[in-house]
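Student: Assemble the whole structure, with the sequences as input and the hints as a guide.
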Amino acid sequence: MSTTAKLDPQVALAELQERKPDRVTIVVLSGNMDRVMSAFIIATGAASMGMQVTMFFTFWGLNAIRKPGVSSKATDWLRRAFGFLNRGGADTLPLSRFHFWGLGTRIMKLVMRRNRMPGVPELMDMAKDLGVRFIACTTTLGLMGITKDTLIDGIDQFAGVSTYLAEAKDAQVNLFI
Amino acid sequence: MSTTAKLDPQVALAELQERKPDRVTIVVLSGNMDRVMSAFIIATGAASMGMQVTMFFTFWGLNAIRKPGVSSKATDWLRRAFGFLNRGGADTLPLSRFHFWGLGTRIMKLVMRRNRMPGVPELMDMAKDLGVRFIACTTTLGLMGITKDTLIDGIDQFAGVSTYLAEAKDAQVNLFI
Amino acid sequence: MSTTAKLDPQVALAELQERKPDRVTIVVLSGNMDRVMSAFIIATGAASMGMQVTMFFTFWGLNAIRKPGVSSKATDWLRRAFGFLNRGGADTLPLSRFHFWGLGTRIMKLVMRRNRMPGVPELMDMAKDLGVRFIACTTTLGLMGITKDTLIDGIDQFAGVSTYLAEAKDAQVNLFI
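Each protein sequence line maps, in turn, to chains A, B and C. Heads up: the first sequence is residues 0 to 176, going by numbering that gives the first Met the number 0. Heads up: the second sequence is residues 0 to 176, going by numbering that gives the first Met the number 0. Heads up: the third sequence is residues 0 to 176, going by numbering that gives the first Met the number 0.
FYI, nobody ran anything at the bench for these hints, they're computed from the structure. The reader is advised that the hints may include incorrect statements.
Note that identical chains are pooled: a pair holds if it fits in a single copy or bridges any two copies.
Said to hold, decoys possible - Here are the simulated lysine-lysine pairs, PhoX-like style, with alpha carbons at most 25 Å apart:
#1 Lys72 x Lys108
#2 Lys127 x Lys168
#3 Lys147 x Lys108
#4 Lys66 x Lys168
Tutor: Here you go:
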């Protein structure tokens with residue numbers, strides 16, 4: 000056994016076991032309804048299968064976790080201008096194609112309601128109930144003219160890229176949406 | 000040997016070996032020519048290197064696997080309307096930029112043909128020949144007003160998010176395009 | 000010991016250790032300022048945490064690594080036309096939303112400058128200083144009407160999909176942006 004002293008199967012196994020609870024991280028950069036919906040479908044699916052899921056909202060993705068109808072409270076007029084243009088709320092995300100000033104998006108929502116499919120707000124509630132962690136990117140919050148008090152309740156953490164990477168390197172599935 | 004009884008290198012190794020055949024999963028949400036082309040270039044590249052590749056087509060990505068020239072057969076008028084707007088077929092995908100009502104996309108296709116580069120339809124045939132698995136997302140098929148009979152032949156499976164996650168968690172490369 | 004001869008913990012451990020230095024690969028297909036910025040924020044963050052990072056620039060992502068103000072030198076008029084439409088340079092990338100013929104993008108850049116946040120050109124320099132590897136996709140360079148001499152200095156490699164996959168399969172974090 001002495002020859003294998005340097006090679007510790009215990010360490011190998013520990014490392015393997017450490018990897019055991021499957022983890023999923025999703026960066027949500029897009030603010031389009033279709034992409035955000037996909038992110039939440041994967042997040043809720045994974046969480047209900049027992050995986051640990053973390054979602055990082057950045058850039059337009061932050062729109063999904065803004066309180067509906069609350070405009071920017073940035074003190075700076077430039078950020079306020081941007082925050083004004085860029086309305087938020089899980090229920091007001093446009094489709095990435097065929098938005099058609101709201102018509103296409105409304106048609107898709109109608110189809111969803113008729114078929115009793117959950118929309119982004121419902122999926123988001125399910126995600127929270129299933130223990131999906133929500134992290135808001137501090138770097139881009141400022142950039143987008145979004146202040147913390149205009150975000151929904153239930154954000155688990157405000158953090159930057161190092162928090163993301165620390166989670167992603169130990170996850171089995173890492174997606175950028 | 001008794002002290003290491005709990006730490007079984009056999010299990011560790013088995014687990015490692017189970018990971019051995021490299022796997023790639025690609026979610027194709029985008030219906031843009033450039034993104035779909037990238038997805039197929041990676042898929043065919045990986046398959047020809049001996050990796051197991053699964054592609055999950057969802058939302059606009061479903062357009063890539065629709066029979067060309069066949070319009071929506073949804074019975075519901077709303078879905079039919081959406082299916083009408085959203086034309087399909089591997090050969091009719093627009094560029095994500097400079098589509099210019101078809102002109103930019105046509106220029107790029109011309110450049111490809113002149114340089115004998117395979118387009119999306121050819122890459123798709125290659126992918127099928129190389130054993131790439133095609134899965135159509137059942138959740139979004141209905142949403143997009145697309146019926147199964149208007150998809151190309153050779154779809155391996157109709158499935159949802161749990162099928163995707165079961166594959167993704169054991170894959171080395173997971174991409175969301 | 001003879002029964003475990005086939006199961007070599009040494010091999011298992013070696014394989015684990017081979018996985019040790021954390022690796023990140025990022026395919027940059029998008030040429031939008033927000034997505035390219037995210038790619039560089041993740042790349043520089045990972046590199047400063049000691050990870051090995053490789054970025055693969057393809058399609059519109061190639062715009063980020065073009066010399067500013069240098070137009071296409073393609074001999075072929077079709078490619079030249081496309082290269083003319085598709086201007087490059089790290090500092091001229093448009094936002095994916097609210098570009099508004101340059102106004103929205105300019106507002107965001109102003110906000111960034113006022114808050115001393117690095118823009119794409121600065122992040123790119125940081126990435127190079129931190130040892131992030133830049134690979135330009137040879138397959139799409141031609142397609143986009145971009146010639147090698149119009150790219151910035153410091154591209155580490157010109158390569159295709161097999162180079163990408165060889166790196167991605169051994170990386171912990173693989174993103175497609």
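Student: Among all the numbered hints in the text so far, which are the ones the structure does not match?
Tutor: Going through the list in order, the structure violates hint 4 alone and respects the others.
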